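So the protein lines, in turn, are chains A and B.
Each residue of the first sequence is one higher than the one before, starting from 0 at the first, in numbering that gives the first Met the number 0.
Each residue of the second sequence is one higher than the one before, starting from 0 at the first, in numbering that gives the first Met the number 0.
Read the hints as simulated data drawn from the structure, not as lab findings.
Among the hints, erroneous ones may be present.
Since copy identity is lost for identical chains, a pair holds within one copy or between any two.
[Said to hold, decoys possible] Here are the simulated lysine-lysine pairs, DSS-like style, with alpha carbons at most 25 Å apart:
#, residue 1, residue 2
1, 97, 8
2, 4, 86
3, 397, 282
4, 356, 282
Predicted, not measured: the structure shown is a model, and the values here were computed from it.
Number of protein chains: 2
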Amino acid sequence: METRKVILKETEIPRRWYNILADIKLNPPLGPDGNPVKPEDLAPVFPMNLIEQEVSAQRWIDIPEDVLSVLNIWRPTPLVRAVSLEKALGTPARIYYKNESVSPPGSHKPNTAVAQAYYNKAFGIERMTTETGAGQWGSALAFACSQYGLECKVFMVKVSFEQKPYRKSMMKAWGAMCVASPSRETKAGRDALEKDPNSPGSLGIAISEAIEAAVTDETGKTRYSLGSVLNHVMLHQTIIGLEAKKQLELLGEYPDVVIGCAGGGSNFAGIAYPFVFDKINGKEIDIFPVEPIACPTMTKAPFVYDHGDTAKYTPLLPMYSLGHTFVPPPIHAGGLRYHGMSPTVSQLVVEGIIQPKAVSQTETYESGVTFARTEGIIPAPETNHALAVAIQEAKNAKEHCQ
Amino acid sequence: METRKVILKETEIPRRWYNILADIKLNPPLGPDGNPVKPEDLAPVFPMNLIEQEVSAQRWIDIPEDVLSVLNIWRPTPLVRAVSLEKALGTPARIYYKNESVSPPGSHKPNTAVAQAYYNKAFGIERMTTETGAGQWGSALAFACSQYGLECKVFMVKVSFEQKPYRKSMMKAWGAMCVASPSRETKAGRDALEKDPNSPGSLGIAISEAIEAAVTDETGKTRYSLGSVLNHVMLHQTIIGLEAKKQLELLGEYPDVVIGCAGGGSNFAGIAYPFVFDKINGKEIDIFPVEPIACPTMTKAPFVYDHGDTAKYTPLLPMYSLGHTFVPPPIHAGGLRYHGMSPTVSQLVVEGIIQPKAVSQTETYESGVTFARTEGIIPAPETNHALAVAIQEAKNAKEHCQ
Numbered sequence: 000m001e002t003r004k005v006i007l008k009e010t011e012i013p014r015r016w017y018n019i020l021a022d023i024k025l026n027p028p029l030g031p032d033g034n035p036v037k038p039e040d041l042a043p044v045f046p047m048n049l050i051e052q053e054v055s056a057q058r059w060i061d062i063p064e065d066v067l068s069v070l071n072i073w074r075p076t077p078l079v080r081a082v083s084l085e086k087a088l089g090t091p092a093r094i095y096y097k098n099e100s101v102s103p104p105g106s107h108k109p110n111t112a113v114a115q116a117y118y119n120k121a122f123g124i125e126r127m128t129t130e131t132g133a134g135q136w137g138s139a140l141a142f143a144c145s146q147y148g149l150e151c152k153v154f155m156v157k158v159s160f161e162q163k164p165y166r167k168s169m170m171k172a173w174g175a176m177c178v179a180s181p182s183r184e185t186k187a188g189r190d191a192l193e194k195d196p197n198s199p200g201s202l203g204i205a206i207s208e209a210i211e212a213a214v215t216d217e218t219g220k221t222r223y224s225l226g227s228v229l230n231h232v233m234l235h236q237t238i239i240g241l242e243a244k245k246q247l248e249l250l251g252e253y254p255d256v257v258i259g260c261a262g263g264g265s266n267f268a269g270i271a272y273p274f275v276f277d278k279i280n281g282k283e284i285d286i287f288p289v290e291p292i293a294c295p296t297m298t299k300a301p302f303v304y305d306h307g308d309t310a311k312y313t314p315l316l317p318m319y320s321l322g323h324t325f326v327p328p329p330i331h332a333g334g335l336r337y338h339g340m341s342p343t344v345s346q347l348v349v350e351g352i353i354q355p356k357a358v359s360q361t362e363t364y365e366s367g368v369t370f371a372r373t374e375g376i377i378p379a380p381e382t383n384h385a386l387a388v389a390i391q392e393a394k395n396a397k398e399h400c401q
Numbered sequence: 000m001e002t003r004k005v006i007l008k009e010t011e012i013p014r015r016w017y018n019i020l021a022d023i024k025l026n027p028p029l030g031p032d033g034n035p036v037k038p039e040d041l042a043p044v045f046p047m048n049l050i051e052q053e054v055s056a057q058r059w060i061d062i063p064e065d066v067l068s069v070l071n072i073w074r075p076t077p078l079v080r081a082v083s084l085e086k087a088l089g090t091p092a093r094i095y096y097k098n099e100s101v102s103p104p105g106s107h108k109p110n111t112a113v114a115q116a117y118y119n120k121a122f123g124i125e126r127m128t129t130e131t132g133a134g135q136w137g138s139a140l141a142f143a144c145s146q147y148g149l150e151c152k153v154f155m156v157k158v159s160f161e162q163k164p165y166r167k168s169m170m171k172a173w174g175a176m177c178v179a180s181p182s183r184e185t186k187a188g189r190d191a192l193e194k195d196p197n198s199p200g201s202l203g204i205a206i207s208e209a210i211e212a213a214v215t216d217e218t219g220k221t222r223y224s225l226g227s228v229l230n231h232v233m234l235h236q237t238i239i240g241l242e243a244k245k246q247l248e249l250l251g252e253y254p255d256v257v258i259g260c261a262g263g264g265s266n267f268a269g270i271a272y273p274f275v276f277d278k279i280n281g282k283e284i285d286i287f288p289v290e291p292i293a294c295p296t297m298t299k300a301p302f303v304y305d306h307g308d309t310a311k312y313t314p315l316l317p318m319y320s321l322g323h324t325f326v327p328p329p330i331h332a333g334g335l336r337y338h339g340m341s342p343t344v345s346q347l348v349v350e351g352i353i354q355p356k357a358v359s360q361t362e363t364y365e366s367g368v369t370f371a372r373t374e375g376i377i378p379a380p381e382t383n384h385a386l387a388v389a390i391q392e393a394k395n396a397k398e399h400c401q
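Construct the complete structure from the given sequences, taking the supplied hints into account.
As C-alpha cells, then:
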C-alpha cells in the first residue's frame, strides 16, 4: 500500500508562531484624524495583550500551553500527497495539500479563534462579539469561546442567517448567541433597517454592529474579534505552514511552489508565511495567493489607505482595496468576497515577494470536481481557487518535462 | 501539554477484517417459499464475491490492497481521550472515543462502501444502485464508486431529497445520480405514486426501487448495495474496532465497557465486534448497543423472521424487528429509525453477550450538547445515543468510587 499522508504526533505541533512583521515593514494604520493609530486607541475594541501582538516585531512568539491544549483537539492536521490527482493529470509534479478541514467547525479559522479567545480570557474579558458572513468564522469563534468559558455573540448577515440554518445551529450548540444582522440591538443595525426594513444585510453592516456591541458595553468586559486581515490573525495561522514544513522535511521534500486562496488573507498567510520567511532568506520558491476574477483585489485594485468596513469604524489600513463600498458579484466563494486584503499580504505583493493570481468561478468549480473525484474530498469553493492554480502548475510541469 | 489523541501510522492500518460468523451461529435467511436462501438466489442482487463473504465463516479475512489504498484517504482515524468531558463530569472513568467523522462523506459508512465498490468492480460490475434516507449512506457509496470508476444511482427518500440539498450536491460532485423516491423510473416507485401522488417517500420504498433498478437492468452489469444489516457490511466495519484496540494497546489500556449506537447495526458492530471476540474468549467486558426509546428494536421487539424492507423484496432475516411496516416517530436520529436489527447483532443479544440499552431523545441531545461544549466536536444525533450511555456509565463510576 502506497502511503498518502504525513501525520505528526501531537508532541510535534509547532510551539511558536512566525511573525512576518520581523521581516517586512508596514505603513502604520491611520485614525480618522490622519495620524497613526496608537495601541491605546484600539483598547476599547481589542484586549491589550492582542494589541501588543498586533504591533510586535518579534520574529518567533511562543504559543501558550493553554492554546496548544485546545488546538490539539484536531491538530496536527494531515499533509496529504494528492497521488490520485497527480495520476489523473499525468503530471510529474508532486502535489501536497494541507487538510485543515478536520477542525470541529470545518475550516482553518479556529487556529486564530482559539488564540484570540485565550488572550481575551487571560485579559479578564468575559464576552466576545464578532460578525460572520456564511458562518465559518462565527462558528469558529463560538467553538473557541466555549472552550474558555466566554460568552459569544455573532452578528450573522441576514441573508446567510436565513439560508444557512445549520451554521446557526452549530453556534447555538456551542452556546453562542447568533442574531441576524441588521438587528435592532445596535444603532448601526437600526440605521440600516430604517433605510431598508427588508435589508438582506452585508458584512460591512455586521462588522459595524459587532464593533458597536463591544465598545458600548458599559461593563468594559466585552471585546470584538476579527477572523482575518489583521497582523495577529495572520500570526496565529502560521502554525499551518510551520507544521507543513516539518511534514515535508520528514519526506525530504521542499516545495517549488506554495499556493493558497486569499480573501482577507489568513488562509494564505497560514500556509505561506513560513515559506515567505525562507524566500526572504534566499530560498528560490514561487508563492501564489489566489483570488477570484470577480473580486480582483490584488490583481486589479490600487494599493491605498482604506477602511476595513463599510461604516468606516476601522482605522485606515495600507492595503490593496476595491474600495470599502465595493460590492462584488454573488460568487459562491463567500470567503473571497472581501474588498480589501491583509496589509501584510498586500505589502508582500508590493515588494514582489509573492505573485497574486486570479481565476474564474467556472475554472475553480471544474478544479474542485476533479479533486473530489480523484482525492475523494469535496473542497470548499474558496479552496477551489488554490486548486485551480495548483492544477495549472501541474499541467505546466507536464509540458516542461515532455 | 497533555496529549489527547492516539494516532497510528498509515502502515499500521489493520490488514484483516474480523468475521463474527466464525464465532456465532445464525439461523439462515429464508426465501418466499420458506426454505433457506441459497447463494445463487442472491446473484441478481449482489456480486458473487460479496455473497461468498456474506456466508463465509472464516474468522480473519484479508483486506485487499486496493481497498486499503482508498481507506487511507482518511484512515487510520484518531482515538481521542475525552479529557475535557471527564473533567466536566468529575468522573474517575477514562473515556475514549473513535472519531470516524474525518472520512470524506463524514461518517463510518465509507468503510463498507469502499469495500463493496471494490468487490463489485472486481466482479465486472459497472453500475451500483442503493437507497438513502438522510443521505449519509448514499454519499458514502457515491464517493466509493467515484474511486473505482463505477456509475452510481441513489434513490433518496423524497422528503430528505427536498430538505437536504447539500447531501444531494455531494453525491453529484462525486458523479453519482441522485433521484427522489418514489420516482417514475421503477414499478415500485410508480405504484407508490399511484397510491399517493404526493408521497414523501420512505426508506422501504427507496430500497424496493434500488433493488428493482439493479435486478431489471438487462445488461447484467448492475448490482444493489446495502449500507448496514448484512454480515459483509458488519465485517467491513470491524476495521474501526481493530484500530481502536491497537490504539488502546499503545496506551496500555483495555476497556471495561464498549458502547455504540445501533440502527441497522453497522456502526455498533464496527467498534464492538473485535471486543466481542475477546469476550467470547473469556475477557470480562460490558458491551452496549444503544437505540432510541422511540424505535426500541432490541429492547422491546420480538426476535422473529422478518423482511428487511416494506415491499418484502428481501429474504426473511432472523432478527429483532418491530415489523417491516413499523413507522417510528420522526426523531432526529434518522439513522436509528430502522424497524429491524442486523442478524449478527440480534444473535449476540439473544445469547446475552451484549446488553442493549434505550435512551430518550431529550437525554441524547443533552449529552450531545455537553460533548460539544467540552470536547469541541458537535456529534451527530445518532452518536448522541452512545454518548448518553457513556455519560451514564461515567456517572456510575463516580458514584462507585466515592
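Hints not upheld, ascending by number: Checked against the structure, no hint fails, so every one of them is satisfied.
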